[in-house]
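So the sequence lines, in the order shown, correspond to chains A and B.
When the letters of the first sequence are read in order and numbered with my numbering, they come out as residues -18 to 181.
When the letters of the second sequence are read in order and numbered with my numbering, they come out as residues 50 to 838.
Hints listed in this document are in silico derivations from the structure and should not be mistaken for laboratory results.
Some hints here could point you the wrong way.
Stated by the list, open to error - Partner residues aside, some chain A positions facing chain B, computed with beta carbon under 10 Å:
| id | residue |
| --- | --- |
| 1 | L65 |
| 2 | M161 |
| 3 | S169 |
| 4 | V170 |
From the three backbone atoms N, C-alpha and C, an ideal C-beta is built for every residue, glycine too.
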Amino acid sequence: MSAPRLTFAILSPLLLLLSSLPAQAIDLETLATALAERGAGSTAYRQTRHLGVLDEPLHSSGRLIFEPPDRLIQEQREPEPQRLMLAGERLVVEADGRRREIDLADSPRGAALAASLRGVLNGRFDALEEDYELDLDERHDGGWRLTLLPRDRGLAKRIRRIEIIGSLDGDHAAAERLTMEFANGDRSVMHMQPAARDTP
Amino acid sequence: MRQSTRSWLVIGLWLGVVLLAVGSISQTRFTSDMSAFLPASPSEEQHLLVEQLQEGGISRTFLLGISGGTAEQRAEASRRLQARLADEPAFTAVQNGGRAAVDASRAYLFDHRYLLSPDVDAERFTAEGLGEAIERSIHQLNSPLGDIARELFPRDPTGELMALLDDQSADQGPSRCCGVWMSGDRSQALLVARAAAPGSDTDGLADARERIHAGFAAVREGVAPDLQLTVAGSPAFAIDARDTIRAEVQWFTTLSVLLVASVLLLAYRSVPVLLAGLLPVGTGVVVGIAVVGLGFGEVHGITIGFGTALMGEAIDYSIYYFVQSRDADNDRTAERAWRADYWPTIRLGLVTSVIGFAALLFSGFPGLMQIGLYAITGLLAAALVTRYVLPVIGRRLPRADIAGLGRAMAGPVRALPRLRWPVLALGAAALSAIVFAPGERWRDTLSGLAPIDPALEAADGELREELGASNPRFLVVLTGPDREAALRAAENATPILDRLVAEGELAGYHSPTDILPSRATQLARQQALPTAEELQRRLEDATADLPVSATRLQGFVEDVARQRELEPVTLRDLEGTPLWLAIAGQLPGQAGENAVAMITLRTVAGTPPTDIERLSRALAPVESAVVIDMLGESNRMYAHYLQTTRSIALAGAVAIVLLLLFVQRDPRRTLRTLLPLALAILFVIGGHAMAGSALTLLHLVGLLLVVAIGSNYALFFQGRGGGSLDPRTLASLTLATLTTVTAFGVLAFSSVPVLQAIGASVAPGALAAWLLAAVFSDRTRQPAEETSG
Chain A
-18 MSAPRLTFAI LSPLLLLLSS LPAQAIDLET LATALAERGA GSTAYRQTRH LGVLDEPLHS
42 SGRLIFEPPD RLIQEQREPE PQRLMLAGER LVVEADGRRR EIDLADSPRG AALAASLRGV
102 LNGRFDALEE DYELDLDERH DGGWRLTLLP RDRGLAKRIR RIEIIGSLDG DHAAAERLTM
162 EFANGDRSVM HMQPAARDTP
Chain B
50 MRQSTRSWLV IGLWLGVVLL AVGSISQTRF TSDMSAFLPA SPSEEQHLLV EQLQEGGISR
110 TFLLGISGGT AEQRAEASRR LQARLADEPA FTAVQNGGRA AVDASRAYLF DHRYLLSPDV
170 DAERFTAEGL GEAIERSIHQ LNSPLGDIAR ELFPRDPTGE LMALLDDQSA DQGPSRCCGV
230 WMSGDRSQAL LVARAAAPGS DTDGLADARE RIHAGFAAVR EGVAPDLQLT VAGSPAFAID
290 ARDTIRAEVQ WFTTLSVLLV ASVLLLAYRS VPVLLAGLLP VGTGVVVGIA VVGLGFGEVH
350 GITIGFGTAL MGEAIDYSIY YFVQSRDADN DRTAERAWRA DYWPTIRLGL VTSVIGFAAL
410 LFSGFPGLMQ IGLYAITGLL AAALVTRYVL PVIGRRLPRA DIAGLGRAMA GPVRALPRLR
470 WPVLALGAAA LSAIVFAPGE RWRDTLSGLA PIDPALEAAD GELREELGAS NPRFLVVLTG
530 PDREAALRAA ENATPILDRL VAEGELAGYH SPTDILPSRA TQLARQQALP TAEELQRRLE
590 DATADLPVSA TRLQGFVEDV ARQRELEPVT LRDLEGTPLW LAIAGQLPGQ AGENAVAMIT
650 LRTVAGTPPT DIERLSRALA PVESAVVIDM LGESNRMYAH YLQTTRSIAL AGAVAIVLLL
710 LFVQRDPRRT LRTLLPLALA ILFVIGGHAM AGSALTLLHL VGLLLVVAIG SNYALFFQGR
770 GGGSLDPRTL ASLTLATLTT VTAFGVLAFS SVPVLQAIGA SVAPGALAAW LLAAVFSDRT
830 RQPAEETSG
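Take these sequences, add in the hints, and give me the full structure.
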């Protein structure tokens, strides 16, 4: 056995070990993989909207169901049942017995939240990177914070930034809070409970 | 001396007429618009239908599909092609569902929402109504779609835009992907291009299609080389039909002319005689075109094609002259004899032909009327040239004598009358085939008149389906003295249609008033809007118990105040947006006295065809409402014209019988003259019945020609006085039949239904007419024994 080959044989298990260590500086690729790793699942959410035009914040809650690579269902239960489904490029909203279909490309403003939510929950950063500049940093408690800044001037006129805070446990990651700040000062915060894998 | 002066006079007069005709033709407009072969229609509904087919939006709207490549590439190609074509003056609108157009129409709707939204009325703008609407909008803010509603809310707190969009999306447009229209399976990007040229301008449409292809070639270069374009839509059919017909007419007429010329050359063995033989037809063509041009203002290319075919009889005239007047010993005496013995027969044949063709004049199809006029004037001119000009030229032209042919045929022809009873039995068989053969005898639908490429038809059906632009079959047509009145009538009809939809009678409908309400309705909505001060006051009341304060809704107050003063929206204002495309087809321009609005109906799938009667009864309260079944109507219209033409042809037949009875003054001889014609037609129709092919209007035209040509044969075989049928006459008839069968037999192999129909009826018909004329010839007119020839 030649020396280089011997070195490789010893080193490669070590390298493998190192690469699976989450403690190392987290990068986008790792996070994306870790998010996608969970596969299909669902989580309860609470959303609070602070709108400048209203005197008081709006509260709503429901359940998010996600399914890699590109499916997201937002089932609102309070204050009134509504259902949003994002599959591929189609956004379908069912409310008051009415079904509305929207093409993502036609409505970047309305779809911004749903699309970013989907990108994060399913670990599809490649899709997010088209519209946003992604900035990832580690929090001291071991979690992560992902900041999305609009690349496009048109989008920036509407959305100031989107911030997602989440946890990383072994090779599984989960989003916990998604905050959307709009250009006019409106703010929407969505809290997600720790994921319950594959439970409806 | 006197003789030669007269000759010069004849030649001079003839040249003068030809020159005048040529001069007139140089001023004539030629068209190639297939719709000339649609009926000039009498009823209001049919008028509308024909107008829609000729000029309507559908007739100039191309449907485009881009396939191949990736979805992104297809979308990019769609955007670039749209941008390219939109700049060309050859198109009035090019749409691909792109963002810009969608945004434009949305912006337009937003800026006019209080005029266009069905929810706007006085009640909605009371403090109570406002409170309710705003509360509902706040619920919208707190929904998964809240981020769309959030931006609109301060200016549109009553959710008017959403109401408008929901109202219109009931009629869902094409699927979308990547920012443009895309087929449901994403395999094709879809575009719609409306040409500036009217549907009747096939050349203009062909030019537009060229531009689409050129534009796409350039776009493909820049996007992906494996992209492919499909162009369909009504104009594509029109262009293809025109091109096919034009190509086949050229190819088959060239072939026919070559074949006929060879036959004649073989007979005459003289090029000058062959050329002189063309003089009657040539003169007929020139005079015919000139007269049609003067009478109709324009001449259709197909008129010349078919009319000249009908004029084939004129070729026979020169054959009769050149063969019959030929006498090796003394041409001059022979000629005088020809004038005395044969000309009256030809003249009688001419009159029967003219009566036959006159049927076309009354067909009601401008195209067929042109053909009729053309054939009649052409034949008359050709006959005059044969009678007066050919004798002047002819006596200087030596030609072969084909009396030998006649003598050779005399034996077999003499044997033919023995076949009388078998032939009559065959006629009875043909009659029973016609009566008892399964299937329809006459095809009384329009389909099959124009050649249609099945591939194009399939592509068209697919694109139409995907674009949701299926040619609606059922329409409610509303008329009024102006568009406003028509729109108001439509608004009166929609509540009734809503009820029918609720009852499940209809799946839905699409009314232009969904997008463009009448001016009266818009004004009423404006009047329901309060003044700014009043609105401000009511808004304060309305929001007292809501988490929003009136001061933050100033945009709303301003918008209402502005839209309260707007001029009501007209169709013209919508141009350039998809909204216009969605309704322009349903609001055709002023049609004569009346303006029209059309509501398209969607029938419930899987149920029996919608009951027009019941719909009409339901819509009876709306005075001008007429329910039309487009497919049924066009078929009914065609059936009506087929019926009319058939009746007129029958009347023509009766006229011919009367004429012969009068001229021949011998009923038995008239019977013997007509029997071959009747049997020939019976055989042709019977043959088609046995082959299972239904006859169309064009077969009827072919049969007219059979009567025209066959009457000559029969008349010659019956003769005028006693005496035997001399070999030259027999030879000339044989030669005439040979040329006719050759020329039309070729057409029977055309793929163009129109040409095929004429060929397949004239060629067998002419052959049968000749044989039958011989079979039923006067025994005293049997070809003479060789010794007496």
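Quiz item: So which hints don't hold here, by number, going up?
Solution: Failing hint: just 4.
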